[in-house]
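Chains A and B, in that order, give the protein sequences.
If you use our numbering, the first sequence corresponds to residues 1 to 133, in order.
If you use our numbering, the second sequence corresponds to residues 1 to 196, in order.
Okay, the calculated beta carbon distance ranges per label pair:
#, chain 1, residue 1, chain 2, residue 2, range
1, A, Ser104, B, Gly149, 56 to 64 Å
2, B, Leu167, A, Ala58, 19 to 27 Å
3, A, Pro103, B, His46, 29 to 37 Å
Just so you know, the hints here were simulated from the structure itself, not pulled from any lab data.
Cβ coordinates follow ideal geometry from the N, Cα and C atoms, glycine included.
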Amino acid sequence: MHLAYPAVLAVLLFCTGLYGVLARRNAILVLMSVELMLNAVNLNLVAFDVWLRDTLHAGQALTLFTIAIAAAEIGIGLAIVLLVYRNRGTSDVDRLRDLADPPSAGQDPMDDSVAAPTDNAADQARRARRQTA
Amino acid sequence: MSPAVHLAATGHGFLSPTGVEIAFLLVGIATFGAAVVTVTTRQLVHAALWLVVALGGLAVEYLLLTAEFIAWVQVLIYVGSVVVLLLFGLMLTRAPIGRSPDADSGNRPAALAVAVAAAGVLVWVVVDAFRTTWIELDKGVQGSTAVSGESLFRHWVLPFEALSVLLLAALVGAIVLSRRHGHDSGRGAGHGKEKR
Numbered sequence: 001m002h003l004a005y006p007a008v009l010a011v012l013l014f015c016t017g018l019y020g021v022l023a024r025r026n027a028i029l030v031l032m033s034v035e036l037m038l039n040a041v042n043l044n045l046v047a048f049d050v051w052l053r054d055t056l057h058a059g060q061a062l063t064l065f066t067i068a069i070a071a072a073e074i075g076i077g078l079a080i081v082l083l084v085y086r087n088r089g090t091s092d093v094d095r096l097r098d099l100a101d102p103p104s105a106g107q108d109p110m111d112d113s114v115a116a117p118t119d120n121a122a123d124q125a126r127r128a129r130r131q132t133a
Numbered sequence: 001m002s003p004a005v006h007l008a009a010t011g012h013g014f015l016s017p018t019g020v021e022i023a024f025l026l027v028g029i030a031t032f033g034a035a036v037v038t039v040t041t042r043q044l045v046h047a048a049l050w051l052v053v054a055l056g057g058l059a060v061e062y063l064l065l066t067a068e069f070i071a072w073v074q075v076l077i078y079v080g081s082v083v084v085l086l087l088f089g090l091m092l093t094r095a096p097i098g099r100s101p102d103a104d105s106g107n108r109p110a111a112l113a114v115a116v117a118a119a120g121v122l123v124w125v126v127v128d129a130f131r132t133t134w135i136e137l138d139k140g141v142q143g144s145t146a147v148s149g150e151s152l153f154r155h156w157v158l159p160f161e162a163l164s165v166l167l168l169a170a171l172v173g174a175i176v177l178s179r180r181h182g183h184d185s186g187r188g189a190g191h192g193k194e195k196r
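Start from the sequences and build out the full structure, keeping to the hints where you can.
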């Protein structure tokens with residue numbers, strides 16, 4: 001088999017994942033695109049390992065490690081997304097802009113400064129209710 | 001043997017593909033199509049289900065590359081657990097069933113331009129570099145379970161153990177992150193003991 005076939009497929013999958021990371025708004029869809037990119041790297045590792053006939057099988061061992069790290073990454077990533085959703089009520093990456101520069105003039109329509117106080121108020125009310133219960 | 005005959009016997013052209021290459025090409029087209037649908041569909045649950053098709057297609061590609069252990073690990077971990085985790089994440093964040101109009105953000109044209117440019121450059125470089133490289137798939141299986149296990153537990157034991165520590169850390173981290181109000185629950189438990 002030509003090495004060009006798996007290499008080109010890996011490139012195309014990686015660029016698909018790149019598009020997904022840049023264009024998607026939902027955080028979980030961004031995580032899916034990251035998985036696509038990691039899988040493209042795995043395909044490259046396996047193809048080059050089979051081509052080079054490495055005696056240590058470094059490519060396949062690294063592929064297994066990448067799969068395990070991707071599993072850990074998706075677990076932590078989903079926990080973070082769920083935490084953000086619980087605190088903010090949204091998982092859109094466009095609306096998580098606490099670290100952004102403040103808008104220079106006028107109010108940014110995407111700014112969630114209106115929604116944040118109500119979230120905090122509801123949170124505090126829930127906490128107070130739990131403490132009294 | 002004349003040079004031309006020798007070249008014909010050893011050279012492998014793109015115009016006369018072998019059976020494995022045809023199978024790889026067809027499964028690769030299906031995998032790429034599923035990946036494209038995954039990143040472009042507006043129905044969030046469908047994106048996760050198309051991701052199953054893409055990852056399963058990649059497992060078939062691993063099988064065609066004679067890396068069978070990696071293929072089954074791919075099926076077990078990606079199709080079995082990662083996609084289930086993603087579906088649970090979509091459920092818990094109350095993803096809308098049906099079309100959601102705001103699945104794509106506003107920088108979609110810029111993302112498309114970046115992805116197409118990267119794909120063009122990388123495909124050009126890769127094809128130019130590996131045009132004549134040939135993988136010998138007939139000289140024995142490269143990634144059977146016996147071979148993979150032997151290399152993993154003979155040469156890669158230390159990274160393997162480090163990986164188990166990483167998985168433990170990820171487990172603890174996920175539990176800590178997903179606990180609801182750690183201080184309150186601790187206080188609540190103490191309160192309950194006092195009551196008793």
